[in-house]
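Chemist: Each chain is listed here by its residues.
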Amino acid sequence: MGSNTTEAHPIIGNRIKKAAKGSLKVIVIDPRKIDMVKSAQKHLQINVGTDIALINAMIRVIITEGLYDKGFIGNHTGDFEALLAKVDRYTPEFSAGITGLLAEDIIEVARLYATSNKSMIAYTLGITEHHCGVNNVFDIANLALLTGQIGKRGSGIMPLRGQNNVQGAGDMGCLPNQLTGAVSLLKDDYRSRFEHSWKVQISQRVGDTQTRTFDKIETGEIKALYCIGENPLVADVHMNHTRALLEKLDLLIVQDIFMTETAEMADVVLPARSWGEVDGTYTNTDRRIQRVRTAVTAQPGVKEDWEILCDLSARMGYQMQYSSSEEIWDEVRELAWEMYGGISYARLEDEYGIHFPCPDENHPGTKILHERFHNGKENEKRSNFVPVEFTPPLEQPDEEYPFTLTTGRRYESYNTHTQTRHYASGVKIKQTEETLDIHPVDALRLNINDGDLVRVSSRRGTLTVKAKVTEQVVPGLVFMSFHWSEVPTNVLTLNEYDPISGTAEFKACAVKVETIA
Amino acid sequence: MTSIRQVKTVCGYCGTGCGLILEVEDNKIIKIRGDKEAPVNKGQTCVKGAFAYQYVHAPERLNTPMIKKAGKLVKATWEEAYDFIASRLSEIKNDFGPDAISMFACARTTNESNYITQKFMRAAVGSNNIDGCNRT
Numbered sequence: 072m073g074s075n076t077t078e079a080h081p082i083i084g085n086r087i088k089k090a091a092k093g094s095l096k097v098i099v100i101d102p103r104k105i106d107m108v109k110s111a112q113k114h115l116q117i118n119v120g121t122d123i124a125l126i127n128a129m130i131r132v133i134i135t136e137g138l139y140d141k142g143f144i145g146n147h148t149g150d151f152e153a154l155l156a157k158v159d160r161y162t163p164e165f166s167a168g169i170t171g172l173l174a175e176d177i178i179e180v181a182r183l184y185a186t187s188n189k190s191m192i193a194y195t196l197g198i199t200e201h202h203c204g205v206n207n208v209f210d211i212a213n214l215a216l217l218t219g220q221i222g223k224r225g226s227g228i229m230p231l232r233g234q235n236n237v238q239g240a241g242d243m244g245c246l247p248n249q250l251t252g253a254v255s256l257l258k259d260d261y262r263s264r265f266e267h268s269w270k271v272q273i274s275q276r277v278g279d280t281q282t283r284t285f286d287k288i289e290t291g292e293i294k295a296l297y298c299i300g301e302n303p304l305v306a307d308v309h310m311n312h313t314r315a316l317l318e319k320l321d322l323l324i325v326q327d328i329f330m331t332e333t334a335e336m337a338d339v340v341l342p343a344r345s346w347g348e349v350d351g352t353y354t355n356t357d358r359r360i361q362r363v364r365t366a367v368t369a370q371p372g373v374k375e376d377w378e379i380l381c382d383l384s385a386r387m388g389y390q391m392q393y394s395s396s397e398e399i400w401d402e403v404r405e406l407a408w409e410m411y412g413g414i415s416y417a418r419l420e421d422e423y424g425i426h427f428p429c430p431d432e433n434h435p436g437t438k439i440l441h442e443r444f445h446n447g448k449e450n451e452k453r454s455n456f457v458p459v460e461f462t463p464p465l466e467q468p469d470e471e472y473p474f475t476l477t478t479g480r481r482y483e484s485y486n487t488h489t490q491t492r493h494y495a496s497g498v499k500i501k502q503t504e505e506t507l508d509i510h511p512v513d514a515l516r517l518n519i520n521d522g523d524l525v526r527v528s529s530r531r532g533t534l535t536v537k538a539k540v541t542e543q544v545v546p547g548l549v550f551m552s553f554h555w556s557e558v559p560t561n562v563l564t565l566n567e568y569d570p571i572s573g574t575a576e577f578k579a580c581a582v583k584v585e586t587i588a
Numbered sequence: 046m047t048s049i050r051q052v053k054t055v056c057g058y059c060g061t062g063c064g065l066i067l068e069v070e071d072n073k074i075i076k077i078r079g080d081k082e083a084p085v086n087k088g089q090t091c092v093k094g095a096f097a098y099q100y101v102h103a104p105e106r107l108n109t110p111m112i113k114k115a116g117k118l119v120k121a122t123w124e125e126a127y128d129f130i131a132s133r134l135s136e137i138k139n140d141f142g143p144d145a146i147s148m149f150a151c152a153r154t155t156n157e158s159n160y161i162t163q164k165f166m167r168a169a170v171g172s173n174n175i176d177g178c179n180r181t
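Chain order of the listed sequences is A and B.
Counting from 72, one number per residue, gives the positions in the first sequence under my numbering.
Counting from 46, one number per residue, gives the positions in the second sequence under my numbering.
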């Protein structure tokens, strides 16, 4: 669901495609006819942002046809009655009207998911980058709990993560509410473990998410921002607004490997070591910790991220001294031992990767989470259903802005393209610039030919881009990525956010498309 | 004759975590291939992982700290940059409290650097205002 796997996670895409040649049945749920559709048994080409209407209808079908796992629900879950009440109005016909799908397709996929001996849901930003992203994820979890499709090999919920170490960054405690090991900083005994080791009191005020940080820059409550290896000016929604906020800061520090658009706005820029020059570990999308190794001596003048922060910390009166990444990792293993205690560099050398949690050296690591669901016992800690209501994308197309713009990634480029501008020589790149992907019916109606320059505008900004006429989108839907700062797609996107996660609605805003005379 | 070294590592792009073997000559990556022993990718690579590595050696790489003076970023030494940052952060912390400072951590750097990043915010700055692109 909402995963363009072959372009964004190509090797996972390859493995799914290979398995689909055997007994694996693939259902693609996506507003676009993405490449994975070729390997799919079925493609539900859903209207953008209508996932909950679909899932609630699937849940209703599974319940009314008695295809749910009654034993599982009795032993492990709570609030089943509330789920029943919530999905009651989502008949396949009702949801067909919202999603643009056929009622019989919704019924067929619901049956397939519930009755298969193993069903897994993989999702990406097509689920999370909505104002209702958290509710979308809740509903996926409702579906998995209803059918017991979780906690056993080949089942479960798999969010495919976008960056090499986005999983690890959060796990290490780069979150406003959690310490290293993904435990709340408000948990006194856990926090005191860190306070004792660090010899400092840790604030008990939960910090701000990136989204709330932007709000507080606007109100003047946040004066300084230190940004490492990220290009929020180009990557975040409503670029003109982001620029005004960054200008408002008293102090912007950027630590990066290139002079990004965000770095150009900084008061201080610090040059960091890049991949290939650093040593340490990354945590991949399935919680597997693996070693990244230094391949080349770093370019002159740059320093490793942790080295810079230790130097600065000392100048601010707090000493942090380490001689190697391994020494830092061993501190992580000691403090968050429940997760990482057994994952030593020596073991990683022998075993390649180890899945956390892995509390001690004799523990093999945890390949499958939530196996407790299948140990035959009733669970003390119940997993409650969280029933959710469908809410449409916040900016609907209208007469003035008649298209829905959805954004995403393309195969050969990566995020704001600061690195993928530098391919090895001789590599033939198919997509070398941004395009507006538009359906032939719309193109014909607006008199747009493939390759024509068009103007795209939303209520927040406007840009010029080449049109690509393609049946990958449906009439009324246009697609762009945000890889090229020359065509800053995020001047168009909408600054509305999920109230819980703070994730922006990158996947839907209203735009108009005009030919350039 | 220069020798070619082989270095086993993990790809730095998406979250799949493919194992790679880098061929290095004269301190330059000259070729990347998938590591057949890697449990994730079993020798496969995508176009980014195998070929989009020249950025490591790009002449446009930042190679010196810079401080903005009269609206322009100009070269500075590490000492100057550290002193500037430490004094400005300390001033802001004194005048407005530690929660007037916020940190965006990096989803591309190592676990070790991320651990130090949040330790810096919590222990040296004194705030939990730390987040990353986990949400986007």
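Please keep in mind that the hints were generated in silico from the structure rather than gathered at the bench.
Don't be surprised by glycine CBs; every beta carbon is placed ideally from N, CA and C.
It is possible that some hints are incorrect.
Taking lysine-lysine pairs in the BS3-like style, the calculated list, with each CA pair at most 25 Å apart, reads [claimed, not checked]: (1) A:K499 with B:K73; (2) B:K114 with A:K270; (3) A:K104 with A:K539; (4) B:K81 with A:K374; (5) B:K113 with A:K319.
Part of the chain B face toward chain A, derived, beta carbon under 7 Å [to be verified]: (6) T47; (7) C63; (8) I66; (9) Q89; (10) K114; (11) T162; (12) A168.
Reference listing, derived: stretches of chain B covered by chain A, where coverage requires no fewer than 3 residues with Cβ under 8 Å from a Cβ of chain A [what the hints assert, rightly or not]: (13) 53–62; (14) 69–75; (15) 104–112; (16) 123–135; (17) 146–159; (18) 171–179.
Chemist: All the hints need checking, so say for each whether the structure fits it.
Modeler: For each hint, the structure was consulted:
1. For the proposed pair K499 (chain A) and K73 (chain B), the alpha carbon gap of about 22 Å is at most 25 Å, so the pair holds.
2. Restraint check: the Cα-Cα separation between K114 (chain B) and K270 (chain A) comes to about 37 Å, which exceeds 25 Å; the hinted pair is violated.
3. The suggested pairing of K104 (chain A) with K539 (chain A) holds, with an alpha-carbon distance near 15 Å, which does not exceed 25 Å.
4. Distance restraint check for K81 (chain B) and K374 (chain A): the Cα-Cα separation of roughly 32 Å exceeds the 25 Å cut-off, and the hinted pair is therefore not satisfied.
5. For the hint pairing K113 (chain B) with K319 (chain A), the CA-to-CA distance comes to about 15 Å; that is within 25 Å, so the pair holds.
6. Because the closest C-beta pair between T47 (chain B) and chain A is about 13 Å apart, greater than 7 Å, the hint is violated.
7. Look at C63 (chain B): its Cβ gets to within about 6 Å of chain A, closer than 7 Å, so that hint holds up.
8. For I66 (chain B), the suggested interface contact is broken, since its CB lies about 10 Å from the closest CB of chain A, more than 7 Å.
9. The criterion of a C-beta within 7 Å of any C-beta in chain A is met by Q89 (chain B), whose closest approach is roughly 5 Å, and the hint holds.
10. At about 10 Å, the closest approach between the beta carbon of K114 (chain B) and any beta carbon in chain A exceeds 7 Å, and the interface hint on this residue is violated.
11. This hint holds: T162 (chain B) has a C-beta 6 Å from the nearest C-beta of chain A, less than the 7 Å allowed.
12. Hint on A168 (chain B) holds. Least Cβ distance to chain A is approximately 5 Å, under the 7 Å limit.
13. Counting residues of the segment 53–62 of chain B whose CB falls under 8 Å from any CB of chain A gives 10; the rule of at least 3 is met.
14. Residue count for the segment 69–75 of chain B with a Cβ under 8 Å from a Cβ of chain A: 4. That meets the three needed, and the coverage hint holds.
15. Look at the segment 104–112 of chain B against chain A: 8 of its residues bring a Cβ nearer than 8 Å to a Cβ of that chain, three or more, so the hint holds.
16. Counting residues of the segment 123–135 of chain B whose CB lies closer than 8 Å to any CB of chain A gives 10, so the stated coverage by that chain holds, three being the minimum.
17. Closer than 8 Å: that is the beta-carbon criterion, and the segment 146–159 of chain B has 14 residues meeting it against chain A, so the requirement of 3 holds.
18. With 9 residues bearing a CB less than 8 Å from a CB of chain A, the segment 171–179 of chain B meets the requirement of three and the coverage assertion stands.
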